[in-house]
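Asker: Sequence:
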Amino acid sequence: MHSCGMYDYSGQFAFKVGLPAKSGVSGVILLVVPNLIGIAMWSPPLDKLGNSCRGIKFCKELVHKFAFHNYDSLLHSTAKLDPRRTTQESRSQEIVSLLFSAQNNDVTALRRVCMAGVDMNQTDYDGRSALHIAAAEGHCDVVSFLLEFGQADYSIKDRWGVTPYQEALRFNHTDVVSVFQQHMDECEIEEMANSLQAVELAPGLKPSPTQQQQPLPGSRAAAKSGAAAAARAENGPPPVDMKPVKE
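With the first letter of the sequence shown counted as 1, position 107 gets the number 107 in our numbering; the numbers rise by one all the way through.
Just so you know, these hints were derived from the structure itself, not from any lab. We put the CB at the ideal spot given by N, CA and C, even for glycine. One or more hints might be untrue.
Said to hold, decoys possible - Below 30 Å or equal to it, Euclidean Cα-Cα: the simulated DSBU-like pairs (lysine-lysine) are:
1. LYS80 x LYS65
2. LYS57 x LYS16
3. LYS60 x LYS80
4. LYS57 x LYS22
5. LYS65 x LYS16
Unchecked claim - Ranges between beta-carbon positions, derived for each pair:
6. MET184 x LEU62: 22 to 30 Å
7. GLY11 x PHE171: 53 to 61 Å
8. GLU186 x LYS80: 33 to 41 Å
9. ASP141 x CYS187: 15 to 23 Å
10. ALA193 x SER43: 53 to 61 Å
11. LYS60 x PHE171: 47 to 55 Å
12. LYS57 x ASN121: 34 to 42 Å
Throw the hints in and build the complete structure from the sequences for me.
Answerer: Here you go:
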């Protein structure tokens, strides 16, 4: 079935779909996923090689979404779904791949894991993340990648209450400490810029409830002066003490 089940299209089908199949001139295709399932498709419109057009399209979409192809990677994480693997097994493999890549100073593997949509803040049973491991090992490139592209949390604590920044300090990795300090300075500047947005709101925009609850510097003094001006406008100027001037 795998080598000659699709007439003259068998070679291309084995490479593009990678699953055993047998087609017939009636428009039927029998597709087999070994050790899992068999699927029968029937759609009479045929291509020039005598295979069902819609059946071929379905087979290609199936291996595009699910990890059924014979040539799918077994070592690297992909975005394809694998119904043969449980949710717990998938999560365990993600964490192991993430932590081992950080320990081995493998930025390429970390980039592949990040592009697959894996949460870079996942931790092991001790609460240690990939950033903890990279900081303790002194892998400056990995720390930079996790902070800049992986959106890793530098303030996360393990079961002993230790942060990745404290790990870098404890093992005296000065270059990693510098990366952490630069990133923390950038985060502080961003927080200051966000807090000043309430002052520079465009006309017609309303501040968020959080910004409304936090008075801006000088707002209390301005409120007092405004209240005093309103009182003068309503009640007139305050009385003047007319004391005789001694000559």
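Asker: Hint by hint, say whether it matches the structure.
Answerer: For each hint, the structure was consulted:
1. LYS80 x LYS65: 5 Å, holds
2. LYS57 x LYS16: 11 Å, holds
3. LYS60 x LYS80: 13 Å, holds
4. LYS57 x LYS22: Cα-Cα ~15 Å, so holds.
5. LYS65 x LYS16: 13 Å, holds
6. MET184 x LEU62: 22 to 30 Å: 47 Å, violated
7. GLY11 x PHE171: 53 to 61 Å: 56 Å, holds
8. GLU186 x LYS80: 33 to 41 Å: 36 Å, holds
9. ASP141 x CYS187: 15 to 23 Å: Holds, since ASP141 and CYS187 (Cβ atoms, about 20 Å apart) stay within the stated range.
10. ALA193 x SER43: 53 to 61 Å: 58 Å, holds
11. LYS60 x PHE171: 47 to 55 Å: 51 Å, holds
12. LYS57 x ASN121: 34 to 42 Å: 39 Å, holds
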